[in-house]
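Undergrad: Sequence:
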Amino acid sequence: MDKQIFLLILLFLGQYYLVSISAASSNETDQDALLTFQNLVTSPSHSLAKNWTKNTSFCSWFGVTCNTKRQRVVSLALPNLQLQGTISPSLANLSSLRELNRVNNNIQGNIPTSLFQHQRIQNISLAFNKLSGEIFQGPWYLPELRVLDLTNNNLTGIIPLSIGNATKLLYLSLSRNRINSNIPNEIGNLSRLAMLSLSHNQLTGPIPAILFNISSLISIHLRANRLSGPLLLNVGNLKSNLKILGIPYNQISGDFPSNICQFTELTVFSIAFNNITGEIPRNIGCLAKLKKFFVGNNAINGTIPTSLGNISTLQSLHCPNNHVEGPIPLELGKLSNLRMLDFAENYNLIGEIPKSIFNISSLEFISLSLNNFSGRIPSTTGLHLPNLNGLYLADNQIEGEIPPFITNSTKLTELVLAENFFTGKIPANLGNLRELQGLFLVKNQLTNEPSEHELLFLNSLVDCRMLQYLSFGYNPLNGILPNSIGNLSSAIEYFEIANARINGHIPKSIGNMTGLTMLDFQKNNLKGSIPSEVSKLKQLQGLYLHYNKLQGHIPKVVCQLSSLVQLILHRNELSGVIPECIGNLSMLQELWLGSNNFASKLPLSLWQLTGLLHLNISKNSLQGEVPLNIGELKAIIGLDFSSNHFSGMIPSRIGELENMQYLSLSNNSFLGSIPSSFSNLISMEFLDLSLNAISGTIPVSLEKLSRLRSINVSFNDLEGEIPNSGVFANSTPQSFVGNKGLCGMHMLEVPACAISNPRRHSKSKKLVLKIVTPVVTSSFLIFFLVSIWIMIQQRKGKSKDAEKLPELRTYQLISYHEIRRATNNFDVSNLIGVGGSGSVYRGTLSSGTVVAIKVLDLQNEETCKRFDTESEVIRNVRHRNLVPVITTCSSEHIRAFVLQYMPNGSLENWLYKEESHLNLLQRVTIMLDVAVAIEYLHHGYGTPIIHCDLKPANVLLDKDMVAHVGDFGISKILAGNKSTAHTATLGTLGYIAPEYGSEGIVSTSGDVYSYGIMFMEVLAKRRPTDEEIFSESLGIREWMRRAFSGTMMEIVDANLFFEEDKITSKSENCIASMIELALDCTNEKPESRITVKDVVKRLNKIKNTFLESRS
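Note that the sequence shown covers residues -23 to -1, 1 to 1088 in mature numbering (1 follows the signal peptide of the UniProt record, and there is no 0).
These aren't lab readings, by the way, just hints derived from the structure by calculation.
A few of these clues could be false.
As the list claims (entries may be wrong) - Quick list of the computed label-pair ranges, beta carbon to beta carbon:
hint: 1; residue 1: E426; residue 2: I327; range: 30 to 36 angstroms
hint: 2; residue 1: E329; residue 2: R684; range: 48 to 54 angstroms
hint: 3; residue 1: E426; residue 2: S509; range: 30 to 36 angstroms
hint: 4; residue 1: E329; residue 2: M443; range: 28 to 34 angstroms
hint: 5; residue 1: G182; residue 2: S339; range: 37 to 43 angstroms
hint: 6; residue 1: C720; residue 2: A576; range: 38 to 44 angstroms
Said to hold, decoys possible - Dumping the calculated PhoX-like pairs for lysine-lysine here, alpha-carbon to alpha-carbon at most 20 angstroms:
hint: 7; residue 1: K1043; residue 2: K1078
hint: 8; residue 1: K500; residue 2: K596
hint: 9; residue 1: K1070; residue 2: K107
hint: 10; residue 1: K266; residue 2: K332
hint: 11; residue 1: K500; residue 2: K526
hint: 12; residue 1: K533; residue 2: K578
hint: 13; residue 1: K526; residue 2: K485
hint: 14; residue 1: K596; residue 2: K578
hint: 15; residue 1: K515; residue 2: K485
hint: 16; residue 1: K890; residue 2: K998
hint: 17; residue 1: K485; residue 2: K504
hint: 18; residue 1: K269; residue 2: K220
hint: 19; residue 1: K332; residue 2: K311
hint: 20; residue 1: K500; residue 2: K533
hint: 21; residue 1: K513; residue 2: K500
hint: 22; residue 1: K485; residue 2: K533
hint: 23; residue 1: K1043; residue 2: K1080
hint: 24; residue 1: K311; residue 2: K269
hint: 25; residue 1: K513; residue 2: K533
hint: 26; residue 1: K526; residue 2: K596
hint: 27; residue 1: K266; residue 2: K216
hint: 28; residue 1: K533; residue 2: K504
hint: 29; residue 1: K526; residue 2: K504
hint: 30; residue 1: K220; residue 2: K268
hint: 31; residue 1: K890; residue 2: K936
hint: 32; residue 1: K220; residue 2: K266
hint: 33; residue 1: K485; residue 2: K513
hint: 34; residue 1: K515; residue 2: K533
Keep in mind it's a predicted model, so treat the numbers as computed, not measured.
Note that CB positions come from ideal geometry on N, CA and C, so glycine has one too.
Given these sequences and hints, build the entire structure.
TA: This is the structure:
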């Protein structure tokens, strides 16, 4: 018996020992896994390094939770710690792990594949990091997973089909990544799923109907993708618990779903910004729990269903920019919880706005602009709207007075009643709206107090200290501006009171409005002088005082407005001289001084305004000769010198202004002939040389100006034959009248050109030939040799491709308010890209033009300096292969460039997006475009400009795949004849030249080096910072040089040739020539590198050779 007891005790001790050994071993595995994880991350506070030590049990470490029995790690929660580094694959060794939470850190790299095969993990939360790479394609084996949150990273690839294996999943979020697949039907296997969020990716294809068969789903978020096809909401016989359905900013088409009533639990329904057609179902009132209804910006038609008024829970009714018609149903006045009512831009809504709408006390936002509403709004408006923030009724046919009780809505920030038929006085108590930011009353029939001369309502606005936008022009106000305008908020950026019958002087107190970026007093009866106090308006970008009766000189202090872009002063009574300091306005693009009394000569500094787009000095008394310096205005689009006293020859350098579309030199005293250089004005549309003393013949070369639509050379001393094609074929006799020596076509009402008699003059001709022939021959030889020498010299100093600039429209100066509207208040759906200096948004201007808007990060001081640099560069350069800048915006709120929109995105996207492929010819053509642009920057402008940051991300492609170089944020303009400069601002790692990175030396050869690196990247589709290249301690240049002699075709991108293309020995030779060119660009010593002129020459030859090999 004792022996049996002893054996039992021995057996128990043995088992206990084995379990202890196993537990110890497992604990050691967990500790090692955690320490390995720690080695791959850092944090500013060093919290892990201080706390995670072997001196204490790992179960007591910060962020670690163990189970009580076996002391195994079950949770690793380290959110919001600014951790940097990567995720260690060793975490998969934590076999008891249930939760991994590293939300809101700076973790980079891939997600270890082993995490997707963890048998016990229930929660993987890695949102708001910088994770990249493709999501593991599987197979996934996560039988216990409940939560997968990978929001806001840089993950790519497709949603794996095996995601359907995680059948216990409750919460799935992959939002704000770069996933570009269809939504797989396998998601329909997730029968317990409650929340699905895939917003802000690049998903394509239809929304799987099977999604709506998951009865447990509560919310679906698919915003801002590229999903297409109809919206099929078929739940069969299942009861849907769906509360939120959000699919705005996609490409969904088809009719509005008629079976929406199956989703009785819906609280949010958003299909805005799609291509939905058809009518809103008449029985939409079945959604009794609906709170938010967003269907704007589609093509929905029909009338507004009256049953909407039955949804008592409704808070937001958003249906702008559709084709809805008819009146607003009275039933909508029953929506007692409504906060937002938006039916703007439907254009066909009619009738009176129901009075009951203005009694919904919960309303915060009423937007009914751009319709055909008529009648009056109730006089009690405002009494029952205590929460109203915005009232937008512009562009309708509303009449009557502005309701006096509107000021009871003290939370109002924007009051927009423009372009209606409002009459009566502007309320004098608007100052009660202390939170008002925008007041737009323009284009009505509003008047001033009859017995008062001053516009007294402006006095009350002094109390609106948040006011930024003030517009009440085009009303018959008939008064004078009070001095109290100087007491208005200094935050006002936009002050417009045009065409309002304003009399008197411009108050000197205008100088107190120091926040102004635009001041528009045009088309009034203002008199007196321009007050010198305008010099205090340092942020002013647009000054519009035209069509008034202003007198005196332009005050010299105007030259201190260094931000001025548009100075419009024509049609006044200004006199004296144009200030010499006008050249200090280096940002100026528009200068209109016509129809005044200016005299004397033009200031020489005028020709320093190289960014000028329009110059109008017509109808003055200006005199003297126009200097050759006019050729410096390379960006000019319109020149009007008409009706002055200019004399002398027409400068031949006008022919260098290849962007010019309009030129009028009419009614002056110009002499000599029409310069032959006018044949270079390839953009010219309108040319007026009438009423001068021009002699000689009309150059036949003007026939070749294909854009020229109108020419007028009447009342000169011209002679000879009028050309008969091009613009001349459609001209009228009035264009040539007053020139006694002209002859030509009968339709132009000039004599026919005489044909001389050969017999009569034969003897005299022979005599002349004997004498003249030797003289002409020798003169011709001398002329020929000199011409060749001149051509050689010109080719050395000019870029070959300074022509063919795209046609650019110019726009009025754009304000921060307009940029907000263009980008839908910087909505993320319009976000094109984010970089180190800021963000780029797609925007639509009021004209309908789609643009790209580059908004700089004002928190970054270096970025603000870059804005000044980039502004200086873009004012001075124009080229078909540089990104055209339409205008800029600079205020305390924003620094932004408005750029021509490039629909095909960046070269970087074309290289690395899976669905994008460029063949060899496309890549060569793009790189040739880039080389031509850099050649212009280095050699085609008076002073060399160094880009300093050439890389694929800064090369943008237009609709025709023509490349444009952009982002001049760290460019350098070399002073004088210097060939190098120093900088503390670096470009992008991997592309910068050795001397740039080590010594801060920038030069044209540094750009050539970056170009060469980019060329290698384009051919190989490998980034210069590629891990494989760096892991071998090689740069991309050395990596490619080693492969050049042997395995060249193995390292180039496999997609250089499409399937139908045959790879020949000639095409391989072309690739070899390109690699050799790239290597010559990237020699370590700057003096050993070729110039960009050599690059253009060699690459042109390579391209032509390649094209010949394909023919």
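Undergrad: Within 20 angstroms, alpha carbon to alpha carbon, are K533 and K578?
TA: Holds. K533 to K578 sits at ~17 angstroms (cutoff 20 angstroms).
Undergrad: Sort out whether K998 lies within 20 angstroms of K890, counting only the CA atoms.
TA: Holds, at roughly 11 angstroms.
Undergrad: Using the Cβ atoms, figure out if E329 sits within 48 to 54 angstroms of R684.
TA: holds (50 angstroms)
Undergrad: For a C-alpha distance cap of 20 angstroms, please report whether K485 and K513 respect it.
TA: Roughly 11 angstroms separates the two Cα atoms, so the pair holds.
Undergrad: So if I understand the rule, the pair passes when the alpha-carbon distance is 20 angstroms or less; does K500 with K526 pass?
TA: Cα-Cα ~9 angstroms, so holds.
Undergrad: Next pair to validate is K311 with K269; report whether the Cα-Cα distance is within 20 angstroms.
TA: holds (16 angstroms)
Undergrad: Quick check on a hinted range of 30 to 36 angstroms for E426 and S509, using CB atoms only.
TA: holds (31 angstroms)
Undergrad: Taking 20 angstroms as the top limit, are the C-alpha atoms of K220 and K266 close enough?
TA: holds (9 angstroms)
Undergrad: Just to be careful, I want the Cα atoms of K513 and K500 compared with a cutoff of 20 angstroms; is the pair within it?
TA: violated (24 angstroms)
Undergrad: Assess, step by step, whether the Cα of K1043 is no farther than 20 angstroms from the Cα of K1080, and give holds or violated.
TA: This hinted pair holds, its Cα atoms lying about 12 angstroms apart.
Undergrad: CA of K533 to CA of K504, is that 20 angstroms or under?
TA: The hint holds at about 19 angstroms.
Undergrad: Taken at face value, is the distance from the CA of K533 to the CA of K485 at most 20 angstroms?
TA: Holds, at roughly 16 angstroms.
Of the numbered hints given earlier, the model fails hints 9, 10, 20, 21; all others are met.
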